[in-house]
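*Asks:* Use these hints to put chain B onto chain A, whose structure you have.
Protein sequences appear in the order of chains A and B.
If you read the first sequence in our numbering, its first letter stands for residue 32, the second for the next number, and so on.
If you read the second sequence in our numbering, its first letter stands for residue 14, the second for the next number, and so on.
Honestly, I wouldn't trust all of these hints.
[Claimed, not checked] Label pairs and their calculated CB-CB ranges:
hint : chain 1 : residue 1 : chain 2 : residue 2 : range
1    : B       : Arg100    : A       : Pro98     : 37 to 45 Å
2    : B       : Arg77     : A       : Asp136    : 55 to 63 Å
3    : A       : Ala82     : B       : Glu41     : 58 to 66 Å
[To be verified] Partial list, derived from the structure: chain B residues whose beta carbon lies under 7 Å from chain A:
hint : residue
4    : Ile20
5    : Leu24
6    : His28
7    : Trp46
8    : Gly122
9    : Ala124
What the hints contain is simulated information worked out from the structure, not anything from laboratory work.
Ideal Cβ placement from N, Cα and C applies to all residues, glycine included.
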Amino acid sequence: MPPDAEAIAEQVFAALADPSRRSILAALAAGGPATATDLAARLPITRQAIAKHLALLAEAGLVTAEPGERRRVRYRLRSAPMRVAQQFLAALARDWDGPLSALKDHLGSTEPGERKESA
Amino acid sequence: MAFPDRIERTLELAHPPAAVWAALTTSEGLAAWFGNEAGIDLRPGGTAWMKWTDGAAAEMRVERVEEPAVFGFTWHIYGLPEDDPRRTYVEFTLEPDGPGTRLTVVESGFAQLPEDAYRKAYDGNSQGWVSELGELAAYLDAA
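Bound-form chain A, shown alone (with noise of 0.2 Å):
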């Protein structure tokens, strides 16, 4: 793990705070390398505002621009920031509580012991 790997959760998780830049991010997932004109025309934003949100996505290593046609700039997703925050949130969806307590009623309900709770 990168010492970085903190400040890159942080940037992921205030990028995908806000809801234009989560439908931005959706956007180039589902449909690839876009233009901000492209996207304003995709999405309920307007240009201003897209190229803002990009501007800060780029910054935080979410997207990057790239020359498309026309000498227009393309946006790339890029994933590989998402996959460190993943990390945490993978950890915390991993729910072991859930299945545990589970265990527990099976044996009870299987070959009830005498044993008080002690956990």
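*Replies:* Relative to chain A, chain B alone:
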């Protein structure tokens, strides 16, 4: 830092290790508390699976079988795409504790990250696809 690599839980159970072992390592046991349906080929390298009534499914690769003390398997990391090769390792340790069992489960490997090589390969691949698809489009346009 706030990035957990492992999840660890300990449970004191009023049943002997043999009973806990059966619950962890047999199809009947797994289907009773973990999944809704389960199957297991209990040997290192063997495959185990579970299905839930909501349509969810998990496939595990059995790694350690030391009856009745250690059972370990790897499985897919929750939230990653299905074909992602990275996995976490789950290990159950059973220790006799009076008439019962102290059961510890440790799931580790959450902090594994794509190496630079992986990222390069991934970014390279993404780039590769763009040019491949561009070529396909050009070919179709020409036809």
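*Asks:* Run every hint past the structure and note whether it holds.
*Replies:* Taking the hints in turn, this is what the structure says about them:
1. Arg100(B) / Pro98(A): 37 to 45 Å: holds, 39 Å
2. Arg77(B) / Asp136(A): 55 to 63 Å: violated, 26 Å
3. Ala82(A) / Glu41(B): 58 to 66 Å: holds, 60 Å
4. Ile20: holds, 6 Å
5. Leu24: Holds: closest Cβ of chain A sits about 6 Å from leucine 24(B), inside 7 Å.
6. His28: holds, 5 Å
7. Trp46: holds, 4 Å
8. Gly122: violated, 9 Å
9. Ala124: holds, 5 Å
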